[in-house]
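Relying on the hints, combine the two individually framed chains into one complex.
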Amino acid sequence: MSKFKKGKGKGLPAVSTASLPDIVFMLLFFFMVTTVMREVDLQLKMEQPEATEIDKLENKSLVDYIYIGEPINTQLYGTVPKIQLEDDFATVEEIQSYILEKRAERSEAEQGLVTVSLKVDEETKMGIVTEVKQELRKVQALKINYSTREKLDKNSF
Amino acid sequence: MARKKRELTEINAGSMADIAFLLLVFFLVTTTMDTSWGLARKLPPPLLENQPDPPPIKDRNVFVVLANANDQLLVEGEILEIRDLRAAAKEFIANPQRKDNLPEFKEEDIPLLGKMQVSKQVISLQNDNGTSYKLYIQVQNELAAAYNELRDELASQKFGVSYEQLEEAAKAEAATELDNERVKAIREVYPQRISEAEPKDIGS
Chain A
173 MSKFKKGKGK GLPAVSTASL PDIVFMLLFF FMVTTVMREV DLQLKMEQPE
223 ATEIDKLENK SLVDYIYIGE PINTQLYGTV PKIQLEDDFA TVEEIQSYIL
273 EKRAERSEAE QGLVTVSLKV DEETKMGIVT EVKQELRKVQ ALKINYSTRE
323 KLDKNSF
Chain B
4 MARKKRELTE INAGSMADIA FLLLVFFLVT TTMDTSWGLA RKLPPPLLEN
54 QPDPPPIKDR NVFVVLANAN DQLLVEGEIL EIRDLRAAAK EFIANPQRKD
104 NLPEFKEEDI PLLGKMQVSK QVISLQNDNG TSYKLYIQVQ NELAAAYNEL
154 RDELASQKFG VSYEQLEEAA KAEAATELDN ERVKAIREVY PQRISEAEPK
204 DIGS
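Protein chains in written order, with the working numbering: chain A, 173 to 329; chain B, 4 to 207.
Excised from the complex, chain B in its bound form (with noise of 0.2 Å):
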């Protein structure tokens, strides 16, 4: 009480803004609005010395897609555009008319969806050394685009909405196990088949 007479002086606070800004421009600087967005892939686990073959799979089963080292496609024997590619591999999976030299089919019985016939589609993929790693990325990302497409209207066919959106509605906090079988359910019915060729040099 007796400090009454001298009173406190309340300290300056103009020179907030600038420390403030000091920081800010700190902070601006050194930020790297880093999303990393990507491809997610699966490879493949190591072969063992003496693992016994696969079982062979029928040629009518299997889609393969070579890429030379001068950047061109040869899809199932013919020499294809990249852009080409995505309805050439929808056509193969889904084999809308039920072709004699395109895959088979399967009666599955897939919870949500009863008995569904699925493909026995793989997509074998093989890529020389001197293949470019962009092309290699657009071979990989029109692959996913020929599933995600057949997924998608197999998904507004069976369920009213996009596959997209199944696929948020499982990944959001509230999903329930609803929203997960029927993610489920649909990637049983169109699976990822993708399967890469050991490497091998082939002439670059």
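Same shape as in the complex, but just chain A (with noise of 0.2 Å):
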């Protein structure tokens, strides 16, 4: 071997791309345990305000969403804001029974832990929001979450 050798001379030895497929895996994993299968198809626009003062909501098993905002599709749906649970549009009085759905999935002992997170746009008004409240008022779902971005910055406006 080390006949040929001497003739090539001393050439850089190719980089060993060996642990590459360690690599690889190690971010695989990284996003398979982080990852979180989109659950509904957004058919809403969702530009969310920004807040400082928020907390992090903990247990995404404990938490239901009402998206509320104006329809991307407005040739179809119009500009008005509108409610979507899960993947479909609906209206304020569906949001009773929803949530009664949600309920009676869930064991006795997480009844009283379920949060309902409120995606809402910006832009809306808060007239449809505070319908959306009063309906789970009646339901007694009184655990909501605003759910908003963060800002960085404490005091700007």
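Just so you know, not all the hints are guaranteed correct.
[Stated by the list, open to error] SDA-like, lysine to any residue: derived pairs with alpha carbons at most 25 Å apart:
| no. | chain 1 | residue 1 | chain 2 | residue 2 |
| --- | --- | --- | --- | --- |
| 1 | A | 326 | B | 99 |
| 2 | B | 45 | A | 322 |
| 3 | B | 93 | A | 245 |
| 4 | A | 228 | B | 33 |
| 5 | B | 45 | A | 307 |
| 6 | A | 323 | B | 50 |
| 7 | A | 232 | B | 46 |
| 8 | A | 315 | B | 69 |
| 9 | A | 326 | B | 162 |
| 10 | B | 118 | A | 307 |
| 11 | B | 137 | B | 90 |
| 12 | A | 274 | B | 44 |
| 13 | A | 228 | B | 168 |
| 14 | A | 326 | B | 165 |
| 15 | B | 45 | A | 321 |
| 16 | A | 297 | B | 45 |
| 17 | A | 326 | B | 74 |
| 18 | B | 137 | A | 225 |
| 19 | B | 93 | A | 307 |
| 20 | A | 326 | B | 33 |
| 21 | B | 137 | A | 303 |
| 22 | A | 254 | B | 73 |
| 23 | B | 45 | A | 311 |
| 24 | B | 137 | A | 274 |
| 25 | A | 232 | B | 74 |
| 26 | A | 217 | B | 132 |
| 27 | A | 315 | B | 50 |
| 28 | A | 326 | B | 17 |
| 29 | B | 137 | A | 224 |
Bear in mind the hints are in silico, worked out from the structure with no lab data behind them. Treat the numbers as computed from the prediction; the structure is a model and nothing was measured.
Set out below in structure tokens:
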């Protein structure tokens, strides 16, 4: 072997790529663990407002989501803000049955711990939000969370 | 042992990286780093039909915040910019000069802190159906910030740490009874009382 090497001089050996799969696997596992499959197909415009005094929503299995905003497809659905539950548009009246349905799926011990996360577009008027809140009160879903983005500068407006 | 002649060839693992890359790309695309943050609030229970009216609250103990359909604020009868709301709310809640038109105080015995002057403040928030959600969240955020800043001041004065640190300690796995007690004590001095009026359509 050394015979051949002599003739070719001392070239740089190729970088070993043997550890490449390991690195890629590591990244893969990271993403597999952190990934959350997109649960709903959002059909609304969703620019959430910013806030500073916010808490993290822990334990995603104990959260129900209500989306409110202007439809993305304005030609088909118009520009009036709509409510979306799961994948479909809903009316205000349907919220009660949605919450009750979700409640029935959970065990009794968890029922008191459920938070309703309101994901509302910042351009929405409060009228529809207030109606939704009134419906939530009627079914005793009192723990709510106004979903916001995190604002870094506390004192800017 | 008969097989010794034909040696097992190793499976070529060269394509392993490709497969892993493929999976990686899939998860990269589908992943949503969706940590939900938000303002946590508790709605009041529904009104019963023949529920007696709550006892009246003195005007001086109520901080009235009105938001109209043009996203303007009327605070205690005066037009106020959103950036001034926090300072106004802080002044109201703490009433440092014990003014006559700001809330009254009641002496309460609070664990860990002893006798403390607790203000009888209530913040009343009312918005129009035409108010934008953005402004509503800003108002909620500023009011919460006012409470949190006051709690912060008290926490660093009494315990030498910020309120945020206290809360974190109480939430941590290794939280002790004392951590919880401290947060509770601070909250008892400055309880967050934001009351939202029953919705009314006040001209839009």
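Against the structure, the hints come out as follows:
Using a Cα cut-off of 25 Å, the hinted pair residue 326 of chain A and residue 99 of chain B holds, with the two alpha carbons roughly 23 Å apart. This hinted pair checks out: residue 45 of chain B and residue 322 of chain A have alpha carbons roughly 20 Å apart, not beyond 25 Å. With a C-alpha separation of about 44 Å, the suggested pairing of residue 93 of chain B with residue 245 of chain A is violated against the 25 Å cut-off. Between the alpha carbons of residue 228 of chain A and residue 33 of chain B the distance comes to roughly 22 Å, so the proposed pair stays at or under 25 Å and holds.
Note on residue 45 of chain B and residue 307 of chain A: the hinted pairing holds, with a Cα-Cα distance of about 14 Å set against a maximum of 25 Å. For a cut-off of 25 Å, the pair hint linking residue 323 of chain A to residue 50 of chain B is broken: about 35 Å separates their Cα positions. At most 25 Å may separate the alpha-carbon atoms for a hinted pair to count; residue 232 of chain A and residue 46 of chain B meet this at roughly 20 Å. A distance of roughly 24 Å separates the Cα atoms of residue 315 of chain A and residue 69 of chain B; the hinted pair therefore holds under the 25 Å criterion.
Between residue 326 of chain A and residue 162 of chain B the alpha-carbon distance is near 24 Å, which keeps this suggested pair within the 25 Å criterion. Simply put, residue 118 of chain B and residue 307 of chain A have alpha-carbon atoms about 42 Å apart, too far for the 25 Å limit, and the pair is violated. Annotation: proposed proximity of residue 137 of chain B to residue 90 of chain B holds, straight-line Cα distance about 20 Å (limit 25 Å). Distance hint between residue 274 of chain A and residue 44 of chain B is fulfilled; the C-alpha atoms sit about 20 Å from each other, no more than 25 Å.
The straight-line distance between the Cα atoms of residue 228 of chain A and residue 168 of chain B is roughly 15 Å, inside the 25 Å bound, and the hint therefore holds. For the hint pairing residue 326 of chain A with residue 165 of chain B, the CA-to-CA distance comes to about 16 Å; that is within 25 Å, so the pair holds. Between residue 45 of chain B and residue 321 of chain A the CA atoms are separated by roughly 20 Å; this keeps the pair inside 25 Å, and the hint holds. Straight-line distance between C-alpha atoms of residue 297 of chain A and residue 45 of chain B comes to about 21 Å, which keeps the hinted pair within the 25 Å bound.
For the suggested pair residue 326 of chain A and residue 74 of chain B, the alpha carbons sit about 21 Å apart, so the restraint of at most 25 Å is met. With a C-alpha separation of about 15 Å, the suggested pairing of residue 137 of chain B with residue 225 of chain A holds against the 25 Å cut-off. For a cut-off of 25 Å, the pair hint linking residue 93 of chain B to residue 307 of chain A is broken: about 32 Å separates their Cα positions. For the proposed pair residue 326 of chain A and residue 33 of chain B, the alpha carbon gap of about 32 Å is over 25 Å, so the pair is violated.
Restraint check for residue 137 of chain B and residue 303 of chain A: satisfied, since their Cα atoms lie roughly 17 Å apart, inside the 25 Å limit. Restraint check: the Cα-Cα separation between residue 254 of chain A and residue 73 of chain B comes to about 21 Å, which is no more than 25 Å; the hinted pair holds. Only pairs whose Cα atoms come within 25 Å are accepted, and residue 45 of chain B paired with residue 311 of chain A is accepted, the gap being roughly 14 Å. Of the pairs offered as hints, the one joining residue 137 of chain B and residue 274 of chain A is violated, with about 28 Å between alpha carbons and a cut-off of 25 Å exceeded.
Between residue 232 of chain A and residue 74 of chain B the CA atoms are separated by roughly 33 Å; this puts the pair beyond 25 Å, and the hint is violated. Note on residue 217 of chain A and residue 132 of chain B: the hinted pairing holds, with a Cα-Cα distance of about 20 Å set against a maximum of 25 Å. Between residue 315 of chain A and residue 50 of chain B, the direct Cα distance comes to roughly 16 Å. Compliance with the 25 Å bound is thereby established for this hinted pair. With a C-alpha separation of about 52 Å, the suggested pair residue 326 of chain A and residue 17 of chain B falls outside the 25 Å cut-off, and the hint is violated.
Distance check on the hinted pair: residue 137 of chain B and residue 224 of chain A sit about 13 Å apart at the alpha-carbon level, within 25 Å; holds.
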